[in-house]
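Chemist: Taken in order, these protein sequences are the chains called R and A. If you're matching positions, the first sequence starts at 1 in this note's numbering and goes up one per residue. If you're matching positions, the second sequence starts at 1001 in this note's numbering and goes up one per residue.
Source of the hints: derived by calculation from the structure; they are not laboratory data. One or more hints might be untrue.
Which chain A residues stay away from chain R? Per the calculated CB distances, all over 12 Å, these [claimed, not checked]:
| hint | residue |
| --- | --- |
| 1 | 1049 |
| 2 | 1121 |
| 3 | 1182 |
| 4 | 1260 |
| 5 | 1320 |
Lysine to aspartate or glutamate pairs mimicking EDC-like chemistry, simulated, CA-CA at most 20 Å apart [stated by the list, open to error]:
| hint | chain 1 | residue 1 | chain 2 | residue 2 |
| --- | --- | --- | --- | --- |
| 6 | A | 1239 | R | 43 |
| 7 | A | 1195 | A | 1215 |
| 8 | A | 1239 | R | 64 |
| 9 | R | 117 | R | 64 |
| 10 | A | 1239 | A | 1267 |
| 11 | A | 1232 | A | 1215 |
| 12 | A | 1159 | A | 1149 |
| 13 | A | 1159 | A | 1139 |
| 14 | R | 115 | R | 28 |
| 15 | A | 1159 | R | 28 |
| 16 | A | 1159 | R | 64 |
| 17 | A | 1195 | A | 1209 |
Label pairs and their calculated CB-CB ranges [stated by the list, open to error]:
| hint | chain 1 | residue 1 | chain 2 | residue 2 | range |
| --- | --- | --- | --- | --- | --- |
| 18 | A | 1176 | R | 87 | 23 to 29 Å |
| 19 | R | 42 | A | 1036 | 40 to 46 Å |
| 20 | R | 50 | A | 1157 | 52 to 58 Å |
| 21 | A | 1266 | R | 30 | 28 to 34 Å |
| 22 | R | 42 | A | 1201 | 35 to 41 Å |
| 23 | A | 1050 | R | 50 | 21 to 27 Å |
| 24 | R | 87 | A | 1206 | 22 to 28 Å |
Every residue, glycine too, gets a C-beta built ideally from N, C-alpha and C.
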Amino acid sequence: MSLTLPPLRILYVEDNPLIVFHVEAMIEDLGYIFAGSAGSFAELVAEFDTFEVDAALVDIDLADGRTGPAAAAWLQERGIPSIFVTGQMRVAAEYPQLSLGTIAKPISTQDLAEKLKWFR
Amino acid sequence: MSGTDGSLDWVLILAPYRRDAEYLKTLLTQHDMVVKQAAGPEELAERLNEGPGILVVTHEALNPEVLDLIGGHLAAQPSWSEMPITVLLDRVAPQARIRAELGGRWPRSRQIFYQRPVATLELLSGVQSALLARLRQRDVRDHIEQEVELRRELNHRVKNILASVTAIFEMTRRGATSLDQLADDYAGRLQALSKVHSVVFEADGEAVDLTAIVERTCSPYRSDAGDRILAKGPPIRVKRDASMTLALCFHELATNALKYGALSRPEGRVRLDWELSSDADRILTLRWIESGGPPVTEPSNPGYGTRYIRSALRGLFGSPPQIIFDPGGLRCIAVGPSSRIC
Chain R
1 MSLTLPPLRI
11 LYVEDNPLIV
21 FHVEAMIEDL
31 GYIFAGSAGS
41 FAELVAEFDT
51 FEVDAALVDI
61 DLADGRTGPA
71 AAAWLQERGI
81 PSIFVTGQMR
91 VAAEYPQLSL
101 GTIAKPISTQ
111 DLAEKLKWFR
Chain A
1001 MSGTDGSLDW
1011 VLILAPYRRD
1021 AEYLKTLLTQ
1031 HDMVVKQAAG
1041 PEELAERLNE
1051 GPGILVVTHE
1061 ALNPEVLDLI
1071 GGHLAAQPSW
1081 SEMPITVLLD
1091 RVAPQARIRA
1101 ELGGRWPRSR
1111 QIFYQRPVAT
1121 LELLSGVQSA
1131 LLARLRQRDV
1141 RDHIEQEVEL
1151 RRELNHRVKN
1161 ILASVTAIFE
1171 MTRRGATSLD
1181 QLADDYAGRL
1191 QALSKVHSVV
1201 FEADGEAVDL
1211 TAIVERTCSP
1221 YRSDAGDRIL
1231 AKGPPIRVKR
1241 DASMTLALCF
1251 HELATNALKY
1261 GALSRPEGRV
1271 RLDWELSSDA
1281 DRILTLRWIE
1291 SGGPPVTEPS
1301 NPGYGTRYIR
1311 SALRGLFGSP
1321 PQIIFDPGGL
1331 RCIAVGPSSR
1341 IC
C-alpha cells in the first residue's frame, strides 16, 4: 500500500506571463502539476472548465483590475482553495476568509514550497 | 449645460427675499446660464455639495450660520478650487467692514462685490467672467486627475517590468552552466524586451503591427545573409502585452536557431508565417518552421527557451503550442482565438 498522494494540480491566476513562466517552473520542480494560468478574473471564469485543478495561487491585481479577491471567492464557491501571491500584502490581509494565506512577491522557492504544503 | 456632476458651470443664488432671487434668476437664465436657488441654510448646504460654478449671494442672506456653511465649504475645497463668490451689498452697508470680515472668514474664494442697485451689464459680465475663471479651474482639476492616473499606471508598469526582469533572471540563472553564458543569455533577453518596448512605445502604447515585432526582434539575424527569416502573413495588430510575449518567443526561437538550428548553417532558412481563419471565430495560426539546418534531436532536458515558449504561448493562445523536433527542422505552431492576441 502506498501512502503517497497524487500530486496536486495548481492553477495560477496572474497576468504577467513571465511571472507565470517562473512560478510554473518552480511548481513543477517542487513536484506539483501546473494546471494552467488565467490572466484575469474574466478569463478564469471563461476557461475554468478546461482546467483540471485542485488548488489555486491568485494575484490580487489582474488584467481586469483588483479582481483577485473576487476570483478567490469564485474559486472557493467551487471548492478550490486559494493562496494569494502578491506585493499588495495589506490588500490580501483584508480578505482572510478567501485564502489560506499569502505569498509575497518577489516569490522565493522556499516560501512557495512551505506554503504549497498548506493545500494538503 | 448639465449643472450636475461637479461640472462647475452653473450659478447658485442665495437671496432670501423672493424678489431678488427671481430677478437674478431671470436675468442670468435669459443669458443662457444655468441657475439654481437655495432658499435657506439647509438647501444651501445641499446645493454646495453639488458643486456650483459660482455663488451669488445678497448681503441680507449672510447670517452667522450661512457664513459658517460657506466658510466650511471653502475650507474643504480641493487644492485646485477657488470658488468665485459674488456679493450684492446695499448702498448703506458698511462696505469696508464687510469686505474685511468676509475676506477673513472665507479663505480661498474670489470675492466680487457689487453695490445695489446693480447695473445689469456689470453684473452679467462679472458673473460670466467668474464662470469662465471657474471653468479654467475645472481644466486644472482634470489635468491633475489625469496626472494622478498616469502616475498610478506608470507605477504599475514599472513594477511589472521589474517583476518580468526578475523572472527572466531567475529562469536564466537556472539553465546557465557558466557565468559568461548567464551574462550573454540574460543580456540578449533584456535586449529583446527593450526592443519590443520601443516598438510598443512608438505605437503609442497600444496595439502593434505583428510585422514590426518580427522585424525588430529578428533584425540581428537578418542583417548578414539577407532574409534568412522569411516572415509572411496578413496585417495584424497585436495587443501590448501579447506583443511582449511574442517578441520574447521569437527571440528564443531565433537564438536557438542560430546556435543549434537552421540559422547555424548558411543554407538554413526559417519561415515565420501566420494566418487568420475566415470564420466567425477568427482563429489565428502562427508557425515557425526551420529547414536546411543540422538534424534536430529532441533535448532530454528542455531549456529556458522551450519552457518559456510552452508557458508563454499556452497562456497567450489558451492552449499549448506544438513544438516538434523534426529531424528536418524545428517547428513551433500555436493556434488560438485571435481575440486573445489582437
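Chemist: Each hint should be assessed against the structure and marked as holding or not.
Modeler: Evaluation of the provided hints:
Here residue 1049(A) stays apart from chain R, with its beta-carbon at least about 28 Å from theirs, past the 12 Å limit. The Cβ of residue 1121(A) lies farther than 12 Å from every Cβ of chain R, with a closest approach of about 52 Å, so its non-interface assignment holds. Chain R leaves residue 1182(A) outside its interface by the beta-carbon criterion, the shortest separation being 16 Å against a cut-off of 12 Å. Listed as outside the interface, residue 1260(A) is consistent with that label: its C-beta sits roughly 21 Å from the nearest C-beta of chain R, beyond the 12 Å cut-off.
The Cβ of residue 1320(A) sits about 9 Å from the closest Cβ of chain R, inside the 12 Å cut-off, so the non-interface label is violated. Restraint check: the Cα-Cα separation between residue 1239(A) and residue 43(R) comes to about 16 Å, which is no more than 20 Å; the hinted pair holds. Between residue 1195(A) and residue 1215(A) the CA atoms are separated by roughly 10 Å; this keeps the pair inside 20 Å, and the hint holds. With a C-alpha separation of about 15 Å, the suggested pairing of residue 1239(A) with residue 64(R) holds against the 20 Å cut-off.
At roughly 29 Å between alpha-carbon atoms, residue 117(R) and residue 64(R) are farther apart than 20 Å, so this suggested pair is violated. Proposed proximity of residue 1239(A) and residue 1267(A) is contradicted: the alpha carbons are some 34 Å apart, above 20 Å. With a C-alpha separation of about 11 Å, the suggested pair residue 1232(A) and residue 1215(A) falls inside the 20 Å cut-off, and the hint holds. Only pairs whose Cα atoms come within 20 Å are accepted, and residue 1159(A) paired with residue 1149(A) is accepted, the gap being roughly 16 Å.
Proposed proximity of residue 1159(A) and residue 1139(A) is contradicted: the alpha carbons are some 30 Å apart, above 20 Å. With a CA separation close to 15 Å, the supplied pair residue 115(R) and residue 28(R) stays within the 20 Å bound. Under the criterion of a C-alpha separation no larger than 20 Å, the hint pairing residue 1159(A) with residue 28(R) is inconsistent with the structure, at around 26 Å. Simply put, residue 1159(A) and residue 64(R) have alpha-carbon atoms about 17 Å apart, close enough for the 20 Å limit, and the pair holds.
Distance hint between residue 1195(A) and residue 1209(A) is fulfilled; the C-alpha atoms sit about 14 Å from each other, no more than 20 Å. At about 27 Å, the beta-carbon gap between residue 1176(A) and residue 87(R) stays in the expected band of 23 to 29 Å. At roughly 42 Å, the beta-carbon separation of residue 42(R) and residue 1036(A) lies within the given 40 to 46 Å, and the hint holds. Taken as a hint, the range 52 to 58 Å is violated for the pair residue 50(R) and residue 1157(A), whose Cβ atoms sit roughly 30 Å apart.
For residue 1266(A) and residue 30(R), the Cβ-Cβ distance of about 44 Å falls outside the hinted range of 28 to 34 Å, so the restraint is violated. With their beta carbons about 27 Å apart, residue 42(R) and residue 1201(A) fall outside the hinted range of 35 to 41 Å. Look at residue 1050(A) against residue 50(R): about 50 Å separates their beta carbons, and that is not inside 21 to 27 Å. Separation of residue 87(R) from residue 1206(A) is about 26 Å and conforms to the stated range, judged on CB atoms against 22 to 28 Å.
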